[in-house]
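K.L.:
As a plain string of letters, each chain reads:
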Amino acid sequence: DTGVSQDPRHKITKRGQNVTFRCDPISEHNRLYWYRQTLGQGPEFLTYFQNEAQLEKSRLLSDRFSAERPKGSFSTLEIQRTEQGDSAMYLCASSFSGTGSTEAFFGQGTRLTVV
Amino acid sequence: DAKTTQPNSMESNEEEPVHLPCNHSTISGTDYIHWYRQLPSQGPEYVIHGLTSNVNNRMASLAIAEDRKSSTLILHRATLRDAAVYYCILWDDKIIFGKGTRLHILP
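In the order they appear, the protein sequences are chains A and B.
End of the first sequence sits at 128 in my numbering; the numbers just go up one at a time, nothing left out.
End of the second sequence sits at 104 in my numbering; the numbers just go up one at a time, nothing left out.
I should point out that these hints are in silico values taken from the structure, not numbers from a laboratory.
Cβ coordinates follow ideal geometry from the N, Cα and C atoms, glycine included.
Hints may be right or wrong, so weigh each one.
Said to hold, decoys possible - Restraint ranges, calculated between C-beta atoms of paired labels, are given here:
hint, chain 1, residue 1, chain 2, residue 2, range
1, B, 27, A, 64, 35 to 45 Å
2, A, 77, B, 104, 28 to 38 Å
3, A, 73, B, 10, 15 to 25 Å
Said to hold, decoys possible - The calculated lysine-lysine pairs, modelled on PhoX-like cross-linking and capped at a C-alpha distance of 20 Å, are:
hint, chain 1, residue 1, chain 2, residue 2
4, B, 0, B, 66
5, B, 91, A, 70
6, A, 70, B, 0
What the hints assert, rightly or not - Over the 12 Å line for every Cβ pair with chain B, so calculated as not near, a few chain A residues:
hint, residue
7, 16
8, 19
9, 31
10, 32
11, 76
12, 84
13, 100
14, 104
15, 105
16, 110
17, 122
18, 128
Let's have the full structure, built from the sequences with the hints guiding it.
P.N.:
This is the structure in structure tokens:
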């Protein structure tokens, strides 16, 4: 397994356009997380899935943001009507939820620039 | 909100040990203590985690206070590649990052 992969790595879009990012987790991981990170700040939690169920959404996640994990494998994060404030690094992570605790593995992120 | 407190930044000389402190006074009995680090322009990377006992792995050691209200990440011999932001986290179904400690390594 090559780890968590995210696509694209970079995206430049015009304000008002819709964008979609994809995350492929580590294959046996049942949990998938999305985070957003702006310059100089720690990653902010957005949402997470266990298998295909979206278990929690942050209040940071406005109605313009939607995430899916239809078959419990890859996930997509869509931002509609992008705004300049959406410019950030979007990080995906996955982990296996079982007994005890386990580590999460992060992708390299998708850097979004809204112009 | 992050439930841990860390110094904003620390400095260490190359090839010397580094002790990164973390306070987590509101920790519950089932919270695991995790440490992640983020190198420039990369996603966060798992370092180590523990519950009650001290833990060692190839990257670092984790010393957990007896009352579990604080912990220390120990890098035994820092290299320039260890310069990163280190996050101390209480695992609660998801990772909530605080501001972390920016570690500078001096050659």
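K.L.:
If a hint holds in the structure, say so; if it doesn't, say that too.
P.N.:
Taking the hints in turn, this is what the structure says about them:
1. B:27 - A:64: 35 to 45 Å: Hint violated: Cβ distance 22 Å, outside 35 to 45 Å.
2. A:77 - B:104: 28 to 38 Å: violated (46 Å)
3. A:73 - B:10: 15 to 25 Å: Violated, at about 39 Å.
4. B:0 - B:66: holds (11 Å)
5. B:91 - A:70: holds (11 Å)
6. A:70 - B:0: holds (19 Å)
7. 16: violated (10 Å)
8. 19: violated (8 Å)
9. 31: holds (24 Å)
10. 32: holds (19 Å)
11. 76: holds (21 Å)
12. 84: holds (21 Å)
13. 100: holds (16 Å)
14. 104: violated (5 Å)
15. 105: violated (8 Å)
16. 110: The claim is violated: residue 110 of chain A sits with its nearest Cβ about 8 Å from chain B, within 12 Å.
17. 122: Violated: least Cβ distance 5 Å, not greater than 12 Å.
18. 128: Its Cβ never comes within 12 Å of chain B, the nearest being 21 Å, so this holds.
When each numbered hint is compared with the structure, violations occur for hints 1, 2, 3, 7, 8, 14, 15, 16 and 17.
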